[in-house]
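*Asks:* Residues per chain are reported as follows:
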Amino acid sequence: MTAVGVQPSAVGRGDVVLRADGLSKRFGGLLAVQNVSFSQYDGEILAVIGPNGAGKTTLLNLLSGVYRPSSGRLHLLGRDVTQEPMEARCHAGLGRAFQIVRPFPEMTVHENVTVGALFGTRGTTLGQARERAYDLLERTGLAAHADKEAHELTLLQDKRLEVARALATQPRVLLLDEVMAGLRPGEAQEAVGLVRSVRDSGVSVLFIEHIMPVVRDLADRVVVMDQGQVLAEGTYHEVTANPQVVAAYLGTEEGLHA
Amino acid sequence: MSRAMDGGRAVVRRPDVPLRALLPLGLFFLLALVFPFLPLGERSEYLLQIAFFTLVAGVLALSWDILARSGQVSLAHAAFYGLGAYGFALLGKVMPWFLAMPAAALIAGLISLILGAVTMRLSGMYFAIATLAFTEVVRTIIQNLPEATAGGANGLLVPALLGGNARAQYFLAFGILLFTALVSLAIRRSRLHHAFAAIRQGEETARVLGVSVVKYKLLAFFISSFLAALGGVLYAGKTFFINPLETFSLANSIAPLTTSIFGGLYTTLGPILGATVLRVAEEILHNSIKNGYLVVYGLVLMLSILWLPRGLMGLLRRGKHGGDV
Amino acid sequence: MELFLQTLLNGLLQSGIYALVASGLALAVGVVGIVNFAHGEFLMIGAFLAWALSAYLGVDPLISLPFAALAVFGVGALTYRVSIRHVLLAPELNQMLLTFGLGILLQNLALIWLGGNTRTVTTPYQGSSLSIGELSVGGPKAIAFGLAVLILGALYGVLYRTTLGRQMRAVAQNRRGSQLIGIDVERVYLIAFGVSCGLAAIAGVLVAVLLFASPTVGLVFALKAFAIIVMAGLGNLTGVLWASVVLGVSEALVQTYVPGGGGWSDAVFFLLIFATLVFRSFRGAR
Ligand SMILES: Nc1ncnc2c1ncn2[C@@H]1O[C@H](COP(=O)(O)OP(=O)(O)OP(=O)(O)O)[C@@H](O)[C@H]1O
Ligand SMILES: [Mg+2]
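First to last, the sequence lines map onto chains D, G and V.
So the first sequence is residues 1 to 258, counted in UniProt numbering.
So the second sequence is residues 1 to 325, counted in UniProt numbering.
So the third sequence is residues 1 to 286, counted in UniProt numbering.
Treat the hints with caution; some may be incorrect.
To be verified - Only some residues are given here: those of chain G computed to face chain V with a beta carbon under 7 Å:
1. 121
2. 125
3. 133
4. 292
5. 294
6. 295
7. 298
8. 299
9. 301
10. 306
Derived by calculation from the structure, the hints in this document are not laboratory data.
All values reported here derive from a predicted model rather than from experimental measurement.
C-beta: ideal position from N, C-alpha, C; glycine also.
Kindly produce the complete structure, drawing on both the sequences and the hints.
*Replies:* Put into structure tokens, the structure is as follows:
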């Protein structure tokens, strides 16, 4: 597979790494995700946007296996993983950073990332995992905090830890849930750089984000969700020009061009 | 070497179990080793017996702690202790003790896999109550086995361990506690430690990061129950008479739990230290409190939760964190 | 047929006490958010109070009942103030272990103080019985059931008709929100925990009349209450009533129709708890 250096213009020509067919998830009477289908291509950065409560996080839960879908199928790197548990999907190449950060509170920052490195890829020894964890801490700017316990971090650092830990599993597809929320513009720019470098190292990235400038700068393609359904799909400029999308955002707190 | 100084990549190479932290543990075993040779006077026989049961309490507590490290706070420890005792009593009739002992432990370990598989998705109080119920079921089954083989409610004679030689029995118990401690340290240094800690601190997150939770939870159950059953063998071989009510008593689940919490959870030294203190205290108090000495365990448990969240180990290592042994 | 009806009736009568114990526990779980492993020990205290008042002062248990309830309400409130309150924000494990320690403490204090013997209470209506058509019911059983129904009625009346009750249910639904709309959550916790213990004590008085008082009498009832609230769904107060009847009746059916119950009856019950928990965990799985 041609992983490295896929340009935005190459979208559509790479291999499909992640394919959702008609995914739905019902919570009692609420259809949080409804018949969602999309494909993600190798080396692509795909953004999923939508108002609060649109079902974005629930979709990510379906992708990573936290929930089983009420219906629909999911293929990861050509393999049907619909019925596979979370750990199997991780081993198959899916990494995830949570919107609400979930560090292991009694471990140090370095140990947190070591867990990802150690169990995310089969056949990793403890020594290798430690090394890789430290490399990732350097890459995400957390090296100075390696020895702190995770509960001592600020929220911002916690978000970086989420990303470092997910990257440690050496994913082929990385799912990021609002990891830039709450960042100052300079910091967000740094994070954008990090995501780009991750993609350049051959990882396809699917990210959820409310900050529109980040979506504009980063996304090769955008999927817009509203009330559990896919409302529109295309480049940033295509979807923001779509009247339906504008209508969906009207009256919501964040607005489209926050 | 102070924490602040060894910045950078030193984090990567720092040993999981620093030698300095092993010192108190080594000291304990050294003391335990020479204990029978001390001039103990007339009461030496009695003191040796107390020391024997202290070692057994240590095995029980430390093995319980190993399971707790994976987030499984069990009230079924009495079941595996009891299965070890009964397994040894029954197998000891047909094979030499040194085979009956591991065989009994192996059976207990395998049965624990059944419990582990069924309670896999339970946590917190559901897990605790399910394990408590399991213990009662096992006890009732043992009690209702044909009396000719298992002795029923009345109990059962057990072949005395090592011909009843108190000193030899003591050293056997010493060896088994040492073995348990080595297993615990080996876990601390291996990937098991990371898997257990991750599962305990966030099971779903651990799974998303690729930890095979089913495998590691069952492994924790097997190791823990195997070791607890060895403790049960020691108990049965020492007292040479066992009955279901005492062997499977809730007290045998409460004691290791309280001991580990009091000593310091998720450490090797903590449960051993806790067992020593509580066991000696029990002997001292036994003359004034005959029935109901468990009152002490209840009180110690409450006070530990309220005021000693990291147990005795927390007192010893005040202000430091990480690298607990 | 007659045997069957008699069995159903026995089960139903038994479920009154179960419902008392279980609604108390559900109140602690639902409102205070504490799984009280010492619940059975508050029942035990109630049972001993009934016994002591009857044995030493000749007070009929039915008269001592409100006093026992009030006294144990106080003990419960005190327990809340000195211990439970400090772990409300602690991990669930700590809460569980704290009340577990409390249970062990109380049970063994009773053992040290009063010994392990069972104590029975004698009442004038002990031997009486009531007959409804072909069916007959022991007098104490009928009285206990009647009282249980009365008290549960009062409890649900308070919960659904009074300000305090509404506050309790509000807290059970949404802690944060309740605080915001000005409910004194701290006070609600205190009262709810006290009432929870008081209900256990009332059940204890009835248990002393029907069975006996002993240091360990509470454990089995507490475990049954756990089984009931798990069946009902944690914190679901109305579900508790139905689950109690289900447990009472199915127990009666097992006792009547399963031969050679004897040594196995305990195991059957524990197997039931075990199965309930495991079944729920798998059904609740995503
Ligand atoms: N476990 C659950 N049980 C019941 N309803 C849920 C559950 N998880 C999510 N929901 C509901 O599903 C809908 C979609 O929620 P989701 O978290 O996926 O939205 P989102 O798009 O990620 O929103 P945000 O931008 O605020 O993060 C919401 O109405 C939410 O309340
Ligand atoms: Mg979300």
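*Asks:* What are the numbers of the hints that this structure violates, sorted from low to high?
*Replies:* Those not satisfied: there are none.
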